[in-house]
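J.: Numbering (full-length UniProt numbering), first residue to last: 1 to 413.
Take these hints with a grain of salt, some might be off.
Listed below are the simulated BS3-like cross-link pairs for lysine-lysine, each with C-alpha atoms no more than 25 Å apart in a straight line [said to hold, decoys possible]: (1) K8 to K72; (2) K72 to K326; (3) K234 to K326.
Calculated from the structure, these hints are not laboratory results.
Computed from a predicted structure; not experimentally measured.
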Amino acid sequence: MHELPRHKLLRLVFFLMQAPIGILLPSFVLYLRFDRQFSESQISLITALGGLTIVLFQQAWGYFADVVFRKKQLILANLAISGLLFWSIAFVPSYWAIVCVVFAFNVFSTPLVQLLHGLLFSHRGSERWFGPLRAYGSLGFVVTNLAVAYVADRLTDGNLRFIFPLYAALCAATFVCVMPVPEAKVVRASDRPSFWAVQWYFLRRPPVAIFLGFVFLYQCAHSLSYTLQSILMKNMGADHTLIASSYSLAAVLEVPVFFAAHRLLKKFGAERLLAFAAVVQSIRWILVWKATSPTEIVAISALHAITFGLFYAAAVSYINSHAPYKFKASAQTLFAFVYFGWAGIVSNLVGGQVTRGGIFEQPLTNFLRRVLPFSGQDPLANLYLFSAGVAAVAALLAFVLCFTRGQMPDQPE
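Sequences are here, hints too, so could you generate the full structure?
T.: Below is the structure:
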């Protein structure tokens, strides 16, 4: 069996796989807002499509990867299709046509990272290498994020249409690098399990059910708040470079966290790290709500190393520890099903109604004026106080997970 994590090319694969996300956040959101003139509510619907496609298709991708097809074949096919679909968005004229293309794009792009994780974890002993490899992914995000901002501010006078061919080119480069990566041969049972049997394997375990509930609340607080941070900064007068620096600083500080992830998990356990991340996330959004300048938000973005980096490493490790080798991809897609799927949908749809033009904008504004020392806060900023409250509830559920540790034995079969 190949020892996949030591394969040097895999570092480049992780780097390239995360690089396109440096285009989606924040540049694609800014393109929709300022080039296409869509409202925050319209953008929240577009960003919610990723969650919808995950809910509809993510577990099917995991099942196909574990039982029907080879993981690498699916990764290559999805890279090619998603790259072409994103490029085509530049030529789509209307809002609802963009909604349709983005939906199709998300069908093929959203499972890519989880399929790569499944490819990694199907090799025995690979868990200890996830953190360092994911650190290269954070670097890929940073490089792309800063490069796009530099080009937009210095070369294209703010025009962001170049992000579409760039995304396709990154997908093509990733395709080439994935091809020679070895894949473990997972021995499958002679009687192929049904789709629902694979799902029930995880859902009937109480620790997994509690974990998924926590993940749902955690990401409900995080998803739209992080996505719309670029618009909040733009409203405060930030340029593309300063906006990108907030996302890049966050990703740079993830790198040491991912490198240290295996040691932190051994010392504290995934449950305690998840609870800590939820508390810090609540504090983070309160600080953003109180911020009065974009430079303050850049500084606050340093907490992303914990609210995403530490959380993500602990969450991936936790769900992986409850999966046998034959269901590694399904475990990762189940995590994504809740984290990027249901939580993404609820966060974007409900959170979008808290912002300007939403049905909850005025009630929340009036409530804050009555109970807090408050003077004319931007309705978009109020989203962050709302998210802080949701993160606090997630923290309570994480503490339940800590207290049940060891009381409900759950070893993968």
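J.: Against each hint, give a clear statement of whether it holds in the structure.
T.: Against the structure, the hints come out as follows:
The straight-line distance between the Cα atoms of K8 and K72 is roughly 17 Å, inside the 25 Å bound, and the hint therefore holds. Only pairs whose Cα atoms come within 25 Å are accepted, and K72 paired with K326 is accepted, the gap being roughly 15 Å. Between K234 and K326 the CA atoms are separated by roughly 47 Å; this puts the pair beyond 25 Å, and the hint is violated.
The structure shown violates just one earlier hint, number 3.
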